[in-house]
Amino acid sequence: MLKVNCPNCGGENVFRSAGLPSRVCDYCQTILVRSGDSVEPVGKAATLPFDVSPIQVGTMGTFEGVRFTVLGRVRWGWTDGSWNEWLMLFDDGRDAWLGEAMGTYMLTRARPVEQVQSQAIEKLARGETVDVGTETVIDEEPFIVSDSRAATCIAAEGELPFSAPAGWTIHSIDFRSASGACASLQKEGDRVDFYQGRYVTLEELKPYYLRELEGWKAPSYG
Amino acid sequence: MERGTFLYGLWSLFVVGGFLGMTMYGYSPFADGGRAPRAGIYGPTHK
Amino acid sequence: MASTPEPIVSAAAAPAPATKALSCPSCGGTLNLRAAGYTVTVACQYCGSILDVANPDVRLIAEYHQAAAEIEIPLGTRGTLRGVEWEVIGYVQRSEGGAYPWEEYLLFNPYHGYRWLISNGRGWSFGEMVTRAPTWQFGAVALDGQAYTSFFSDGRAQVDYVLGEFYWRVQVGEQVSTDDYVRPGFMLSREQNAQEVSWTLSQWLEPDEIKAAFGVEPPRNPWPPLPHQPSPYRGRIRTGFKLALGALLFLTLLTIFFGGGPTLYKTNLPVALDGRAHSTTLGPVTLSRPYQLVSIRARASQINNGWIDFDYALVNRSTQATYTAYGLAERYSGRDSEGPWTEGGGRATVKIAAVPAGTYDLVVDYTGNWWAGAASSSSYSSYSTYSTASPTFDVPGGATIEVSRGSVFISNFLLAALLILVPFLFFLWRHLKFESARKAESDTGGAGSMFNSDDDEDD
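Quick mapping for you: the protein sequence lines, in order, are chains Z, U and E.
Sequential numbering of the first sequence, starting at -13, is according to the numbering used here.
Sequential numbering of the second sequence, starting at 78, is according to the numbering used here.
Sequential numbering of the third sequence, starting at 35, is according to the numbering used here.
Relax, there's no trap hidden among the hints.
Result set (DSS-like, lysine-lysine): computed pairs, CA atoms no more than 27 Å apart in a straight line:
#1 Z:K30 / E:K54
#2 Z:K(-11) / Z:K30
#3 Z:K173 / Z:K30
#4 E:K276 / E:K467
#5 E:K54 / Z:K203
#6 Z:K203 / E:K245
Quick look at which bits of chain Z chain E covers, simulated, 3 or more residues with Cβ under 8 Å:
#7 42 to 53
#8 164 to 171
#9 201 to 207
No lab work stands behind these hints, which were simulated from the structure alone.
Everything numeric in this text was worked out from a predicted model, so none of it was measured.
Each residue gets a CB set at the ideal place from its N, CA and C atoms; glycine is no exception.
I would like the entire structure built from these sequences, with the hints used as guidance.
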């Protein structure tokens, strides 16, 4: 746990995990990257637009028996809308992303793309393109390419594993399976990142410290 | 169990009960013959 | 990591606002976005213009100058269904190329996401987009272990009118190809456009449920029924069938258990077909059960071309109570253009009901008669004993009278079985009528019910 003062505005910010070296200053939106015990400013994140997401930084819950805390968020936009990716830090030190779009949630974890055995993934990793609708098998489960879109980072907050400056654009290819499993491959230049997971329901995560919204009663899952 | 099914159960019970009763009594609406008015004295009348 | 980290969220924080106000670029009206951050398209409720709110600057997509249509559940209405409160935030009217229109209301709850209320004028359904895909199985689809049979296929749904907020770029006129699969109470719908396939699972809502939730008054007994409307007789048929079967089984067991009884008296009477009345008293016949059915069987197996009237009187020796019955044993035979024929079996059984216990005498008054028509029958020559030339008229073997105790009338059993079955068959008929009307709407024929049929109802 590292508490530092923002070099830009002086406000106090906390770094809770060595695995999350980057964070957005809570006060001036400067992106701070940790090096040792000090931080460096590396750019600015845009302010988050207003939304009614029930998740907020500080929401906690449980997934597959392990407790997590939501520590950060990146908001991505594409031609037809935008969505949130919430950074979850688990008690066992691992992290995952909770993608929130159209009222549905997908929980995915980063996985080294070299480990993934799938023709489509290997093609994409080499730099080739794959059409939407292409079928492929990942870990013996059949998937279909459901989406291929350019996404731009609109805004960010909290602690993140990377810096998320406004305007940062990636290309994202999504995979869905019949059972509700999902995967995503993100390309930015030569860099390829792969995430794999499945759809989850908010109920399943038994979250607490959900955002309170006026006029709505937040459910308590016990 | 909804009301209609319950009533049907009651009805079935009534019919089966009625059948049992008729059987024990040896009765039927389809019998060929039954009690008739006394038509005279036949046979030995002493017990 | 600390085992109990202190919460990041401040407990004293005030609730965040749930709506965001924005101004319609066309008419200037103030719109309150209820699903800010998710909503991409808004159809202004004042002027009908379509706005793009995916970006911070609101863009005008299509401009209209019309007042919003009055819809059955106004935007902003809240209702509680299945324990969750929902707010109506969007409305879309769709149709099959302009025909068979239906309405869809987009419901939102920030903690539970989106649902749909679908109304087609005959009923309401509650729908949810599913994140898993069904699997194909012999012309049906399966989801979560439940099979759905095809009801509509190759449909084309188009958007005719929109109002309120949507999480995708809705356009009037946009089309998707649709397929619908049903099981009682549920419809699984597939929609596909150029980019993607989505599945929605909707559940038929009981009129009371939708009325309690959103105050609408749905038709109570819509005809024809909705594709996935469960037959109101379905449950009754299932239990009714088991009840009827159980009752019939019981009746059968009773019949077998109380079956025919022993012979109480048997004798043989000489009979002649001479038209003369005879009377004889048989007995004693002892009846031991409190009440019983008494069966009297008269058999004249060798009678031909004649009949015997039997008048029975069963008289209780002590009370002189009398029980009477009439029996007729007859048999005729001959030959005509089609060959030889016979009629009658030469036997008669009468059943006397509810005879109380006691010792009885059976008085039999009987008359044997010869059928005059036999003289004109061309084959009577083989029965020379009946020729008028030598009038013996004796029936060889006479008539055997057998008195027995039988306790079950088959006719009683049939009557009871009928009474058991009639209500069940009535409801079965109603159920089949419901199902056939429901399936008649399908364009694939045979859409799943308790009884599968191969009716093809193409119009």
